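Number of protein chains: 2
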Amino acid sequence: MGSLNDIGVAAGINILSAVGFLLVFAVVRIQPINDRVYFPKWYLKGTRSSPRHIGNVLSKFVNADVSTYLRFLNWMPAALKMPEPELIEHAGLDSAVYVRIYLLGLKIFVPITVLAFSVLVPVNWTSATLGDDEEGLSYDQIDKLSISNLGQGSKRFWVHIGMAYVFTFWTFYVLYHEYKVITTMRLHFLANQNRRPDQFTVLVRNIPADPDETVGEHVEHFFAVNHREHYLSHQVVYNANTLASLVEKKKGLQNWLVYYENQHAKNPEKELIIKTGLWGLWGEKVDALQHYKTTIEELCKQEDEERQKVISDPKAIMPAAFVSFNSQWGAAVCAQTQQTSNPTVWLTEWAPEPRDVYWPNLAIPFVELSVRRLIMAVALFFLTFFFMVPIALVQSVANLDDIERVLPFLKPIIERNGPRSVIQGFLPGIALKIFLIFLPTILMAMSKIEGHVSLSGLERRTASKYFLFIFVNVFLGSVVAGTAFQQLNSFIHQSTNKIPETIGESIPMKATFFITYIMVDGWAGIAAEVLRLKPLIMFHIKNTFLVRTEQDREQAMDPGSLEFGSTEPRIQLYFLLGLVYAVVTPIILPFIIVFFGLAYLVFRHQIINVYNQQYESGAQFWPGVHGRIVTALVISQILLIGLLSTQEAEQSTVALLPLPVLTIWFHYVCKGRFEPAYIKCPLQAGSKRILLISSPYITADDIHIVSNVKREQHLMFAGGHGEGHAATGKRPDAEPERVPQGRIRAPGLPQR
Amino acid sequence: MGSLNDIGVAAGINILSAVGFLLVFAVVRIQPINDRVYFPKWYLKGTRSSPRHIGNVLSKFVNADVSTYLRFLNWMPAALKMPEPELIEHAGLDSAVYVRIYLLGLKIFVPITVLAFSVLVPVNWTSATLGDDEEGLSYDQIDKLSISNLGQGSKRFWVHIGMAYVFTFWTFYVLYHEYKVITTMRLHFLANQNRRPDQFTVLVRNIPADPDETVGEHVEHFFAVNHREHYLSHQVVYNANTLASLVEKKKGLQNWLVYYENQHAKNPEKELIIKTGLWGLWGEKVDALQHYKTTIEELCKQEDEERQKVISDPKAIMPAAFVSFNSQWGAAVCAQTQQTSNPTVWLTEWAPEPRDVYWPNLAIPFVELSVRRLIMAVALFFLTFFFMVPIALVQSVANLDDIERVLPFLKPIIERNGPRSVIQGFLPGIALKIFLIFLPTILMAMSKIEGHVSLSGLERRTASKYFLFIFVNVFLGSVVAGTAFQQLNSFIHQSTNKIPETIGESIPMKATFFITYIMVDGWAGIAAEVLRLKPLIMFHIKNTFLVRTEQDREQAMDPGSLEFGSTEPRIQLYFLLGLVYAVVTPIILPFIIVFFGLAYLVFRHQIINVYNQQYESGAQFWPGVHGRIVTALVISQILLIGLLSTQEAEQSTVALLPLPVLTIWFHYVCKGRFEPAYIKCPLQAGSKRILLISSPYITADDIHIVSNVKREQHLMFAGGHGEGHAATGKRPDAEPERVPQGRIRAPGLPQR
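Protein chains in written order, with the UniProt record's numbering: chain A, 1 to 752; chain B, 1 to 752.
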């Protein structure tokens, strides 16, 4: 365990590096050349144009205005200045609520810290146990501030027990209040949305096959009978993989056409000759403009043919449909009710908004879905507890002596000292690092296999999987040194009530480690986040070598979304650490507060200026966030019980037992009180009515490829989702009683 | 452990006693004097009249027809003869499905027994381990038939593992099939019910207070706005305790009036003089007929006044209402959807049928409800694991030496040997026995505190609590001798994977005990059930001393309902024993089959001739039954893993691990596939429409006391539920477009 000095040094280093990052950021961000990296959101909104269009050549690249350097920290107040309603308007509710997670951390931990430092720290400090030992073993000062300073069976443990109750009830209060506020925000947000099409649309899956009717007719008849007064129209889902690849190809060609047209406009005399073969290196020489125009024309024809084929081919129709209703009431009714006596067919749920739909999963049959979930549950278990096994295998294969034996000709290289030590030192770490980088992707793939139909749902499922992994492998793994597999093995060979004891006992000893972890992973990580080093480099590389047209530039600066599935569980780790250590070693709390404060600042800046959400789920992730904090609370209570039961304070253990019971009960109360607002839509709010809806789920002129489809069968006529809208930042709102122009209905589509 | 001989003897004794019971039953049931005890259901249906009205005096009491004695066993084929649709028509779906639980036992265990005896028994028998030991310790033959006969690490365990898989999959198949059949039966049953009022009615609870409107107006406005096209009428719930007690009093007086009128009719000359004081012993002498007529008239007036008072007093209105819709579709929509953005108010659910409503729980606020559930969960835990503590206290108080010290004058009595040994031997047992007799009542009271709104819901919750108790205290308590508290204590001080090992290891040794248990509790218990000794005695006592009028006689013969909450968990114990021992000691299986067969026969007879269900829930309990069998399956698998892991067969343990995972998965598949049919009503079926419904939830001429209401505040104008209908056996069907006659609407009741 480290002394206060050690921690001071570490803190100094980390503060310096964080400040360094922030300084670099402050300088880099005001350079015009980087403007598109640090303010992409404003470009996408169309309210900011490149500062490079004005001024002289130098000022296009470097900012020479000294006054801006003096005000280099003004992004911080600017980030805080935007009021919340405007923030919601600007960045969406998802993002606005996401930064509230950090705020929630501050709300929970600032009062807890004040209380812990005014009550627990003096109590710990004045306990003489560790100080009495003057014979040589020098105890660290941190231990004098922690619960370890109390002797076995000390009466002072009652103070800690009381504090555990106070902290728990404070957390209850803040969590409950926050859940309430965010639920209100969500309902307000949904009510204010001006006739969003998904508020009138229901996704119907597992439509049973009918021998006499097509899927479209079947849907129409079913809903016309069972929702007579509210059914408006429907759109079946088509499998149009071929069509989608044609569209994608056409887009690429059109981009080239734009490029050559620009070239031609700049220099009308120059003949633009390209070769038709591979990568323009071989083949016949043709005129570029002419070539692209004719190819695009051909593709258009092919597209039309393919479209006709898809529409007329019953095999291309998936057993899923989007059904629209003439009132929100009708849609709410349909989404919340069971349609037939067989609950595995005609499954209805609120349609995700068009950008949020995950198309490949729309047509999975009921039984297959449950088999998939079973397999993924088993896989998650093995991934969490045995992920070290394949990595250890890779590492053993990468053993240099083995390599030498198998490939003797490498011997001279390997036996030289330099490379040997480098490889020996790095290889094992690299295998692990690569795995950890790909982990969110792996977990996301698993969620996709589970068959959720919306991107937001996928993110939420990934987050809960990732939290499990972090809890087992980062938290428990650090506390009880050893891989999860070893832990599992030792735990199942241990008495049930010994497990919390074993973990609880090691908790105080790991405080220094976690303080360092918070500084390195938390502080420096957040500072690196604001600098956006990787996007900065990538943008300049792309801008220099690949960007030909405006469309290319927009793609190059695409800032992406907040990756909820991988960032949120990491925040949860700090909640867990804070709650676990609040009673045990309160000295860790200020570090967590700094993290939450800094992160709040940075992410508020990022969602204002950088990130552009791909979809808007209306803070549907909050029940998950709430649930994980409650889980962390229960874990912290069980570990405290374990710790105290090793301190010969049996009565105190009993006094703590009601805490986890109360916490679980609190969870159910909140669930019953608020969760329905995230799943259902109340009928009372459903008075909005429309007469005609142009479904954003269907227009035939804009088709997206659904990648990673194994059986190559799922795809549909899909407009209004994905990059198209994300890139332009437009909401796919459909104005009522008006078919938006520029959208051509595919002829022959079944429609009422 | 017993030898085959011991078991043979025990079986012989039990078979003899069971046959004895059955013989007595066969003789007793054909005596005319007992006719109302053994065929009350037919009396209630009005299709059977007393055989005592015909023949001479002797034949009124004793059956002298010799031929009926020769056919004394013909009740058995008669019980099986009634086809199922007719049985449903006659006894209701609940009862018909209840006897299918026994049939399910036969379906699961007959093939398993055949397979176990043709495969496992030979494998166990030919293993030489226990037989080799010729030196003196003689092993029992039962052990030679059980898994214990295999040596440590024997290869033959693989046969048992294979069989565990076969048994599991067979159970899956039967369970799935049965769930499907019963779901179909339920939907068919509901569809065939001719416009049952509860199919159009939704129970609304937690109606928020409105400063400007009464509850009735508030409900009307809310539903008229939010369910414009379907809302028909509503009925608020009144608290009318005083009124109810008046009605009850009137009923008693009317019974006396009928009695005296009968007396008068028999002997018109005799003057009927009674005293008005206590029990007719003191006070003024008056003419009986006149006295009762005037008193009843007065009560009628008081009733009218009280009724007016209740209706006009806003404080008497509870925040709950029954809302009726003009179509099943409208009611289905309202019951399944969330009404407002606050999910704790305007809670809607399908109304239980009128007889099934548990009135006192209709008006519990949301927060209070969750507090109650928390307290009951904690109470259940303590009841299950610490129920021995108060009993041990009682027993220690009842210690004779202590009694002698406190009450020295009892010394001469206590010190005599006879009473001493009797009391010493019986007292501890009696305390436990009394507790066990009252246990279902205690559990039912706990369910009531939990706040369920229907009697069927209360029964279901009680059943699951009782199953937990039986599993912990009967099954585990017998396997690992010792109280649940001792077990809990030893378990939490034991390694997690040692718990199934400890239990699993003792399993084979307890086979003999459980075989005896099945014979005593199962066989003899069922035989006693058919004899109905207690109702037989009670009826004759009442008939002799208390019965004055026909109404009294009907009350005396009231057969009651099947007590689902206390009988079903006991059946589940047999499922558990069968599944646990199927692989371990198959010799137990024939005993279980005999139990299920006998019980099926007896209960089919009982529901045809005796029991009269108080309510009809449409087999809503099946998901619980299914869930508990699946739980038993998982328990059996875990115990088998535990047992095998003590037999030095590590690989086999691993080979069994997928079983519990698969079983849990199977549970979720069934839940998703079938459970909604027991909670929701599909919209497709909801095409029935009515124009006017006379709510059976409200008529003012028939009011019931709700007993056990602590705060004396819940009661309502309630007709059509409880004994009134139960006793006459009529369904509370309301014919459409017609207000049933004989029901007087209370004037001024809010109604649309």
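Just so you know, the hints here were simulated from the structure itself, not pulled from any lab data. Here the structure is a predicted model, which means the values were calculated and not measured. Mixed in with the good hints there might be a few duds.
Said to hold, decoys possible - Once the Cα atoms are required to be at most 27 Å apart in a straight line, the calculated DSS-like pairs of lysine-lysine come out as: (1) A:K671 with B:K680; (2) A:K266 with A:K285; (3) A:K315 with A:K448; (4) A:K680 with B:K270; (5) A:K680 with B:K680; (6) B:K448 with A:K671; (7) A:K315 with A:K301; (8) A:K448 with B:K671.
- request: Identify every previously stated hint that the structure contradicts and give their numbers, smallest first.
  value: 4
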